[in-house]
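Just need the whole structure built from these sequences, with the hints factored in.
So the sequence lines, in the order shown, correspond to chains S and D.
Residue -11 is where the first sequence starts when you use my numbering, and the numbers rise one by one after that.
Residue -11 is where the second sequence starts when you use my numbering, and the numbers rise one by one after that.
Treat the hints with care, as some may be off.
A pair counts as met if it fits within one copy or between any two copies, since identical chains are not told apart.
Stated by the list, open to error - DSSO-like cross-link-like pairs, simulated, lysine-lysine; straight-line CA separation at most 27 Å:
hint, residue 1, residue 2
1, Lys341, Lys284
2, Lys429, Lys462
3, Lys284, Lys330
4, Lys462, Lys481
5, Lys50, Lys429
6, Lys242, Lys341
7, Lys462, Lys425
8, Lys242, Lys277
No lab work stands behind these hints, which were simulated from the structure alone.
There are 2 protein chains.
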Amino acid sequence: MNGLMMDRPLLISSIARHADRFHHEREIVSVTVDDPLHRTSWGTVIGRARQLANALGRLGLKQGDRVATLAWNDHRHLEIYYAVSGAGFVCHTINPRLFPEQLIFILNHAEDRWLFIDPLFMPLLEKLAAQVTGLEGVVVLTDEAHMPATNLENVHCYESFIAAEKSDYEWPDLDENAASALCYTSGTTGDPKGVLYSHRSTLLHAYAVLAPDVMGLSCRDSVLPVVPLFHVNAWGVPYAAAMCGAKLVLPGPKMADGEVLYRLMDSEDVNLALGVPTVWLALLQYTEKAGKRLDKLERTIIGGAAVPRMMIEAFRDRHGVEVRQGWGMTEMSPVGTVNTLKAGMELLSPEEKLDIGVKAGRGLFGCELRVMDDEGRELPWDGKSYGALQVRGPWVCSDYFKLEGNSESHTADGWFGTGDVAIIDAEGFVTITDRTKDVIKSGGEWISSIELENVIMSHPSVASAAVIGIAHEKWGERPLLVVVRKENANPGKQELLEFFNDKVVSWWIPNDVAFIDELPLTATGKIKKLDLRKQFADYRFPD
Amino acid sequence: MNGLMMDRPLLISSIARHADRFHHEREIVSVTVDDPLHRTSWGTVIGRARQLANALGRLGLKQGDRVATLAWNDHRHLEIYYAVSGAGFVCHTINPRLFPEQLIFILNHAEDRWLFIDPLFMPLLEKLAAQVTGLEGVVVLTDEAHMPATNLENVHCYESFIAAEKSDYEWPDLDENAASALCYTSGTTGDPKGVLYSHRSTLLHAYAVLAPDVMGLSCRDSVLPVVPLFHVNAWGVPYAAAMCGAKLVLPGPKMADGEVLYRLMDSEDVNLALGVPTVWLALLQYTEKAGKRLDKLERTIIGGAAVPRMMIEAFRDRHGVEVRQGWGMTEMSPVGTVNTLKAGMELLSPEEKLDIGVKAGRGLFGCELRVMDDEGRELPWDGKSYGALQVRGPWVCSDYFKLEGNSESHTADGWFGTGDVAIIDAEGFVTITDRTKDVIKSGGEWISSIELENVIMSHPSVASAAVIGIAHEKWGERPLLVVVRKENANPGKQELLEFFNDKVVSWWIPNDVAFIDELPLTATGKIKKLDLRKQFADYRFPD
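Here is the structure:
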């Protein structure tokens, strides 16, 4: 027997309608190429999204067709989010920082029919265009005055593209499981893979992140997502902010500019900012140099990579800002855990709070977590058992786009293997200790390459380092420490290995050290361990 | 084309699982008949819910069968919530304050198979039992030591009922649209009507109320729902609190006892409390008399009836407590609007803030609102146009139980008519001005009976009052003021009518006054205007 409740689908267009009705005047401030401080509102953004939806309606697109973006965070990109998904198409946000061959692969694999692009990326597109097959037209996100010259065909100016359109538009009634957005994830190996979000997954994720223990978003917040709109839907902020009517401050191409970020935060009363550790490093360095304090900022959500303890400390002690570390993946919409203190923990010492703060956070309702051993048995949440972290929930991917049924990333019982190795403690806080493919399996036990790298990175002579597993007759695998020395530093192998004493258990200490000039890195700055392992394929430990 | 996201149903059992895993130790404190201050935790409550689910499994119930409760707010009632719904049955919470004939009607209409009952309500049940047809068994919510003597058959003690059961239980995979709970609403006319919630509607509503601008629930909150678990699922608190791991403080039968409520708030660090105006009146009166201040309480959500301005003021100015007025209905799960200030409103004067605070609040994402005129045209949100308030959303009922297709409460285009007359202002704040059936239609315009009643209630000689529409040759209808005078007071008609001058527009002022000894009231204390209209059916205005 079913309940007798209205069968209303969860659609992105209902967020648009809500923001328009209840938060019409609430501000959206953007840095764009044509305007250093553009001011608009949710009502105007949604009105222009309806104009854009009318324009899209003339292009002959079918439900589910992909419309791509190569763009920074600004109001026009936000309009595209609502117009494309709301009208029943798929908003495919592309990371412009990928290698050109990846961009070509992604545009072709997604079969993008139209591309909305920031003027700044036109030179990039011009280089790729000949190899991109299905693109029918390009819309440049600017006004006529700032249109770049180009030899490409069928290139339109965004402002002219929508100018003549009516702002009346009837959002279509879609199935809530319809695809709404597409985002490719580029691992360290193989071709990028597309994660295809639905209206339902997007809305449930947005509801979940609104909660006080996650982002805690209200209509009184002024929010600066420094995480790009092309990066997993900016962690859901464009949807959650519209749901509650928060003010959005969008830094355009100024993502990495500490001074611009500081000025935006100060002038726009930003009390919540979100980003990856590297952008916050730029901001913290700027404030230190300029002698500024982040007076208005109350909290920041940091994800995308582990947050260094000193960053949490600097925000807290020098700026009075609460850091909430989060963990997630493109495959998870992305939020899986967020770090906020539980009741009673407010009584802990500042150091004890940091011990918790450096963890990846605890699970939010809607994303189930489990940790599995090599035999597929679930491990206890005891703060010491570590294994493969798996997740399940309505905003976790079931497959990759056009690879349906071929994915090895899901278990037979329907969980997604994150590729992370984790420990969960009794309170539900997760610590990511490694990637499953990087973990070193020694005598049936796992050694965390990341933990070893974190230790050695604090050695004064080490510029960068990686630990990889090397085949070992007796133990199966043993760790090899690969080090890039700092200029003019010349530490010996023994000195480096002794540095691990009392910092890790003795059997974790690497068997040997190899020195190289530089580590192979991905486009997004991660160490390509696969390449490193290839490089050391013939390496053998000394007897 | 659909998204590629996991097809995970929204189920109440997943809330149980989440609370058990992430908030196992978080406290649940209850006042019960057998223990004045019972302490348990989410982990234990969910473990006992699994035991109860095993016990229910032996009763031969089918998916969707109704299991009723007649009980106060305590941990056992909470266990029943999770066990019954999680196992696939329907948790039918009954309001023990209804008239006996209504209780008999409801138990029979719902076809309840088992009843879980507080010992305090056993005498009530004994009076009704002969007329209740389908009940197979009764479980009394206490331990053996406190079991009441009874002549009824097949009566069990709750603690013994679950004691031998294992706490392992595999929650079944249900369709998220499956019925989860049933609650009857008793209007002023006709038989009570059943609202049948689904797992999906319950979870979406719980997600929505977690948000900072609604209840703002976090795991650090200690929450006292003085709103009963038998009243629209205590506004969703039992679910939302488990979703985020909030502490619950459950006052059992002490709902109306200002002193007990104060002591619970103080000893259990309650920072969020929810209830109807009448219980808060009892609390405020107690604190005033006893010279106490609600130091730990931070905010209270008040709904169920309009919140008097002086109540908001008393909480704010004497106790430093934020009042959030809410509006909703049993048919709406129930939350439709909640009153929190928007950005910039913090700069208003205390009086201006009160002007906003007395409104019913603004819509939250997930519940659409519209106001319609007599011809079914939508009215603007201008702060002055009033009409019939209609709502739509995934937690709004589509029909009443066993009355499917017969409901006159829904429009052809799928909106639910709330029966309220409302004004919505440009910021989306709703003011409820009347019930549609009580509004007086004079010369094509509407006169609010409630507003007139509010005015005259502040006259020093008026004990209670109601305004009803009386047929009028020229105007269609005109208002008649019906007054119960205070003891020893003897105001004249003219004096009362003149009291309206400058308080309402002149054409709203009633045409006449009638004095009576008492107003007809419903079981829940509302004026039975239908009876009053019958009483004055032959009344004619003086020429």
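Status of each hint after checking the structure:
no., hint, in the structure
1, Lys341 with Lys284, "both (22 Å within a copy, 24 Å between copies)"
2, Lys429 with Lys462, "within (12 Å within a copy, 93 Å between copies)"
3, Lys284 with Lys330, "both (25 Å within a copy, 18 Å between copies)"
4, Lys462 with Lys481, "within (23 Å within a copy, 104 Å between copies)"
5, Lys50 with Lys429, "neither (50 Å within a copy, 50 Å between copies)"
6, Lys242 with Lys341, "neither (32 Å within a copy, 38 Å between copies)"
7, Lys462 with Lys425, "within (20 Å within a copy, 86 Å between copies)"
8, Lys242 with Lys277, "within (19 Å within a copy, 60 Å between copies)"
Violated hints, in rising order: 5, 6; the structure is consistent with all others.
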